[in-house]
Amino acid sequence: MTGKGEWQQVLEGDSVDRFLAAFTLDDRQRAKILQMQPAADLTHLPANKQQVMDDVKDIWHHHGFLTPAETQAELIKKYLPDADRRVHDFIRDVELSRNKPETVTGYLSKEHAYLATGLAHMYALQTDMAMTMIEVDFSNMGGTNNYFRQTLAAEAGVMPGDIDPRKAEGLTDRAVRLLSAGMVSDITTLHPEERVIAIRTGGDELRLLVTGIDDPMEQAVLTDDLHANIERRVAAMGLQDHPHLKAPEDPRRNGFGAALAVQDMKLITNTGTLIQELDARITEAKNQIGMMRIGLIDREAVAAEAEGRVMLGLLRVPPNTTIDDVIDLAVERAQQKAQNAANRLREMNPAYNTELAQGIAGFEAYANRTMLEFAAYAPASAPLPAVLDKHMLGGDERPPGVRPSDSLERRYVALALDHFTAEGVHLPPAALHFLKMSVRAVAPEDPSAQVMMPSGMVKMIDNAAADAQDFRAQIDAKDPNIRAAMDKAGVRDLSNISPQVMAVSVHNLAGLNSALGHHNADIVLRHIAHDVIGGAIHAAGVPRQPRSNFAIAHHGGGNFSVLLPAGGVDAMGNDWFASHGLLHKVRSEIKDRIKDLNGADIADFLHKNGGYVDDTVRQCLDDKDLKTFADIRDPKERTFEFGVDTIKGRVNGIHVAVVGSALCYDPALMGAGGGAFIGAVRTRADAMLEQMRAAILHRDFKASENNTSQETARAFHAAFNARSLIIKQGSEFMVRERKQEQAQPQTEPSQSRFVKPKMPGMT
Amino acid sequence: MTGQGAKPLPPEIADFMSKIGPRALTAEEARALNLLRLKYGLPAASATGIAERLAGKDDEV
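In order, the protein sequence lines correspond to chains H and Z. Letter by letter, the first sequence follows residues 760 to 1522 of the working numbering. Letter by letter, the second sequence follows residues 14 to 74 of the working numbering.
Be careful, since some hints might not be right.
Claimed, not checked - Reference listing, derived: stretches of chain Z covered by chain H, where coverage requires no fewer than 3 residues with Cβ under 8 angstroms from a Cβ of chain H:
#1 22-31
#2 36-49
#3 55-63
Bear in mind the hints are in silico, worked out from the structure with no lab data behind them. No residue lacks a Cβ here, since even glycine has one placed at the ideal position from N, Cα and C.
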């Protein structure tokens, strides 16, 4: 149905497949190891994925359902029966360090979302135990940020614009934390015998995987209990009434909150549509709750529920009455209860709540007191071994034997191997294999795009910056081969050789999600990450090298960043260097590939890449006139003003903006860093994408109106130029850093640990 | 690979979802799906259930 291979009927089956495959040792791998170490004992290592799955089931049997990191630690322990205790402990600590709670919610972070979900579905399908998935979506976090900003401003007697937005966001985060912790506490209180794995899957999305609870009535009770407690807590925080950021005129959408859908994982009939089904259920829950907050009910929903209860024998039809009478009575009672509930909730609003009358201080007092009352959620965790717990692994901190162009993963592995050498611990082949597997995961992967998480990219950029001077120092510019490579790259002297950073902003990921569903949109997202961006980089001349620090990170939505090494050696042994020209080639190649994607048949693409597509789906695509990706509709109507003209419209299809820059900051300078650098490049890419949307709509406007007015054109170009200024503003960070560096006295070269390029390239 | 753990979904709901295909549901479809789930006694958004809990005597927060 979805995905490729044998786990295709499993939710996030691709993640399960990759997880299981990582533990298998096929005949070729065995032969290779035995050739080097004939005495190696490999008999206990699994030869196929089913063997690993059987071992996972054995772990569930003995330990219950575990987090992915705990599961991986248990598998490695099983596969290394004779390894040194120090190796066991090290690997276990590395694995459990990945369970470090996410800072806002205290849940596991997104890197675990897909594998945990896939394993939970396997647990439901392959054991006789129940597994329940609870999908949660917060409401109106943007409007809540505004509310806190305004409240803070009113209390301080200043304008909202004078309040640091991060302060308001911090208060919204506390409200998120309270509801998140409350949900786990509620579940563990109601079902103390069950295990909960809670994950923050997105900015405003959570997923809880709970063992047990397989009775529909129990699930319905849990749904109502969780929703009711969320409502109580929201009201007690005084966050029930402020306007919605995007729909301020709709009172049903006022306030902060969260809604959820409870799903029996044995009852998933289509993994390709489950997430959008849950999203729809949550949307409807928000609608129902929003009505109830103002004392209204959806009479048809109440009637359907009453009818269902009669059919299931939970509601009796008394003698001399009809089912319609029973339903009418249920509706009448529901209306009264909704009004009573609304009144009760209102009593908890600031005007009636003593504690909340203190404003922000009252909110904080309530949050602090309530958090202490919740049952703690703490999945097994451990600190990362000290030898690996380092941000800087480049420049002076680069491990011995690691080259300036080597990947982050390789740097971590080198640190771990050095550690065991120093400890005098011999690592047999299997121990080495699993140690490397575990340590590599220290740089986590975004599961939707299957590329690096942003945190790893920040670290890579900082290390690449620190290594740049060392890389240049290794180059012998008099070598004719080096000169030829420099000529080919259009680089005149060594100071122009530098790592390059790119930001790639892709338009219409929301349209892909809406038109094709999350599962299929993920497949397109991975294609964009690996074949469009990765493929473009390779096509432009950057060779595929296992040790390279070339990396792509996904920043959510359609936002990616890329780090290109300053250079390297290709498979033919030829040197190559990154340059301004290379960035131009990559950008051009990315645009060509996006153009190809827009021309690709959607159904054929999904079929080829393991998406959810069958005859029904093909028919659905035909019904919506969705032939190629150029037909993907922009869900948002956009408005641009050009002088007296206001142009509204949708920018359909997939579009991309690419901004590149030589990596040119000094990590030793105050306020500089990979995060700020990539942030500045991404700001420029986002601004460029917005400018591109405006240009597309303007082009369409001219075409549709046959508008040749010079006045409109002038206004358009004026607006276009104004947006160009925004793009330039995004680069101020780098300009400022360059100025700061230039201001350093020449007599203090140690302040700057590498020579910046003379002409930072920008495409 | 899925074993025998899977349960069947009421055919009316399965048919409803299969006709929608891979795309996101509209607000009207989300409401219709919720009505179907309520009708079959599956966990769904129930204003009645939440209101019952909120309007009751237990208002501890």
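Within the assertion that chain H covers the stretch 36-49 of chain Z, do at least three residues meet a Cβ-to-Cβ distance smaller than 8 angstroms? This one holds; 11 residues, not fewer than the three required, reach chain H with a Cβ under 8 angstroms.
Within 8 angstroms of chain H's CB atoms, at least three CB atoms from the stretch 22-31 of chain Z: coverage verdict: holds (count 4)
Per the coverage rule (Cβ-Cβ under 8 angstroms, at least three residues), is the stretch 55-63 of chain Z covered by chain H? With 9 residues closer than 8 angstroms to chain H, the stretch 55-63 of chain Z meets the three-residue bar; holds.
In this structure, every one of the numbered hints holds.
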